[in-house]
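A.B. asks: Sequence:
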Amino acid sequence: PKEKTISATRDIAPSTLISASPLASPALTSKLFDFLQKALLFKLLRKGLNETLKLLQKDAVEFVLLAGDTDPLELLASVVQVCEEKGVPYVFVPQSAGLGRASGVKRPVICACVVVDEKQAVQAQIGFIKDELEALLYF
1432 PKEKTISATR DIAPSTLISA SPLASPALTS KLFDFLQKAL LFKLLRKGLN
1482 ETLKLLQKDA VEFVLLAGDT DPLELLASVV QVCEEKGVPY VFVPQSAGLG
1532 RASGVKRPVI CACVVVDEKQ AVQAQIGFIK DELEALLYF
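Note that the working numbering has the sequence shown beginning at 1432, numbered continuously upward.
Just so you know, the hints here were simulated from the structure itself, not pulled from any lab data.
Values in this document were obtained by computation on a predicted structure and should not be read as measured data.
Some clues are possibly wrong.
[Claimed, not checked] Straight line, CA to CA, 30 angstroms or less: simulated DSS-like cross-link-like pairs of lysine-lysine:
id, residue 1, residue 2
1, Lys1485, Lys1469
2, Lys1485, Lys1474
3, Lys1478, Lys1517
4, Lys1469, Lys1489
5, Lys1561, Lys1517
6, Lys1517, Lys1550
7, Lys1462, Lys1474
8, Lys1485, Lys1561
[What the hints assert, rightly or not] Have a look at the derived ranges for each label pair, beta carbon to beta carbon:
id, residue 1, residue 2, range
9, Ala1566, Ala1528, 33 to 39 angstroms
10, Lys1517, Leu1454, 20 to 26 angstroms
11, Gly1535, Asn1481, 17 to 23 angstroms
12, Lys1485, Pro1539, 18 to 24 angstroms
13, Leu1568, Lys1469, 18 to 24 angstroms
14, Lys1537, Ala1566, 28 to 34 angstroms
Backbone N, C-alpha and C define an ideal beta-carbon position, used for all residues, glycine too.
Please put together the full structure from these sequences, using the hints given.
C.D. replies: And the structure:
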């Protein structure tokens, strides 16, 4: 019997291909996940691709976390593009399962964002994290 071979290449325009970059280090990932749990308590965390895109359009996002193991990774291309247009820092974390657990759900999450903190409850921590993410993005 003939074996079926699966082609690794897809019919995708080269301009839409993205890579999981910048990828957070294990230490930064741990720090981000700890902060997500705090953001969840203050109701500043939003989960999911569609919700993140809606909030990005409204300029209501501090920073975005994306799962590096998303398959296909092109699902996240629109979020990356809008983040770059709006100047919102973003970073890839290694696993969607870890992002889901840190976001307070049992399912994998491919995209999450922290919204603008109007009450200034954790604004200082958000500032530190944004500085670290911008250093990853632009240097």
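A.B. asks: Against the earlier hints, flag every one the structure doesn't satisfy and list their numbers going up.
C.D. replies: 9
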